[in-house]
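*Asks:* Here the sequence shown stands for residues 1 to 354, where the numbers follow full-length UniProt numbering.
To be clear, the hints were calculated from the coordinates, so they are not data collected in a lab. Just so you know, even glycine gets a beta-carbon here, dropped at the ideal spot from N, CA and C. Any given hint might turn out to be false.
To be verified - The calculated label-pair distances, taken between Cβ atoms and stated as ranges, are:
id: 1; residue 1: Glu-334; residue 2: Asn-297; range: 26 to 32 angstroms
id: 2; residue 1: Glu-180; residue 2: Glu-334; range: 50 to 56 angstroms
id: 3; residue 1: Asn-84; residue 2: Thr-137; range: 21 to 27 angstroms
id: 4; residue 1: Val-116; residue 2: Asn-84; range: 25 to 31 angstroms
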Amino acid sequence: ENGIATSSLLPFGNYLVKEIKAPAKYVLNGEEHPVAISENSKTIEITHSNKIIKGKVAVKKTDSEIADLNLEGAEFTIYDKNDNEVDKLITNQNGYDESKDLNYGDYYMKETKAPVGYKISDKVYDIQIREDKKVYTFDVPNDVIKGKLQIVKVDSENEEKPVEGAGFDVIAVNVNGIKEGTVVDHVVTDKDGFAYTKDLRYGDYKFHETDTPKGYWKSDKDYSFSITENGKTYVKYVKNSPIQAKVRVIKVDSKDGKPLKGVKFQIRNSDTKKLVEFTNFLGIIPMKTTTLETNKNGELVTPQNLAYGNYLLEEVEPLEGYIKVNPIPFKIDENAVLEEIKELGTIYAQNVSN
1 ENGIATSSLL PFGNYLVKEI KAPAKYVLNG EEHPVAISEN SKTIEITHSN
51 KIIKGKVAVK KTDSEIADLN LEGAEFTIYD KNDNEVDKLI TNQNGYDESK
101 DLNYGDYYMK ETKAPVGYKI SDKVYDIQIR EDKKVYTFDV PNDVIKGKLQ
151 IVKVDSENEE KPVEGAGFDV IAVNVNGIKE GTVVDHVVTD KDGFAYTKDL
201 RYGDYKFHET DTPKGYWKSD KDYSFSITEN GKTYVKYVKN SPIQAKVRVI
251 KVDSKDGKPL KGVKFQIRNS DTKKLVEFTN FLGIIPMKTT TLETNKNGEL
301 VTPQNLAYGN YLLEEVEPLE GYIKVNPIPF KIDENAVLEE IKELGTIYAQ
351 NVSN
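The whole structure should be built from the sequences, with the hints applied where relevant.
*Replies:* Listed below in structure tokens is the structure:
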């Protein structure tokens, strides 16, 4: 126990002293010590030293889903059995770091800081240094932070009106492990105007409209968002402008192009078969009407927009001397900004003989 070993009495002669078994925790020292016994009862002292067993701990940090994606910036702390900190590791761009030499003994290691965009691991790694110069390597995967996107699609004219059937591509912009520009999801709004993505990895994204519901203008805007908190659903409101337009009617004489004033028209919705009702103002007093009349320039413009759909322009009654025209179909759709209908009146010829 004092590190002293004494041989029995040896005959005169030359000897070699060699260690054949090292003490526990120490490295075998194979050095040979020559000894000459030439004096009676003399004790010859030899000093022989041993180095304690030392090893290292290495960490290899990767993404739990993308095995070849190495993670930089993960911090691990190594503690001895008395909870004293003995070393700290921080992974490099290859996801790797290695400790200093650690003496023979028992240790444990914990992740004390996760890489940016990842959840910290709560696992404790037990370490036993038992072999000299050995590197004890731990492969430690990390789970990436994930969240969802909810798109809420509403009518720009009435935000309480959901828009169903709008399709969106979700695109990676700056996401670890995913190439920029990759479409990571495609979603379509439901009857409530909602669309939810799958779980998305930590990072920056954008989305844009790919499919536009009937009756709405397509949005060409890119919407940006970021996933930064685990388990969070990020909400983005997107408005769609309904397709609508005013209608201008021009009424002229078919022969000389003279504008015709006072011609009355109505507009009927071909789908519902109902007349469209407009609001005119007499001063500040609103007046409901289904009949509109051309002005001195032979024009009338609907006071309000007509919604997306199919319509009929119907002449209520012709001016004296003109034939009533048949209903004229037209539509308000993606091509409409201001629908112009030019109807040439037909003159009724009255022959007078003398």
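*Asks:* Run every hint past the structure and note whether it holds.
*Replies:* Verification of the hints:
no., hint, in the structure
1, Glu-334 with Asn-297: 26 to 32 angstroms, "29 angstroms, holds"
2, Glu-180 with Glu-334: 50 to 56 angstroms, "32 angstroms, violated"
3, Asn-84 with Thr-137: 21 to 27 angstroms, "23 angstroms, holds"
4, Val-116 with Asn-84: 25 to 31 angstroms, "29 angstroms, holds"
Hint 2 alone, counting from the list given before, is not met by this structure.
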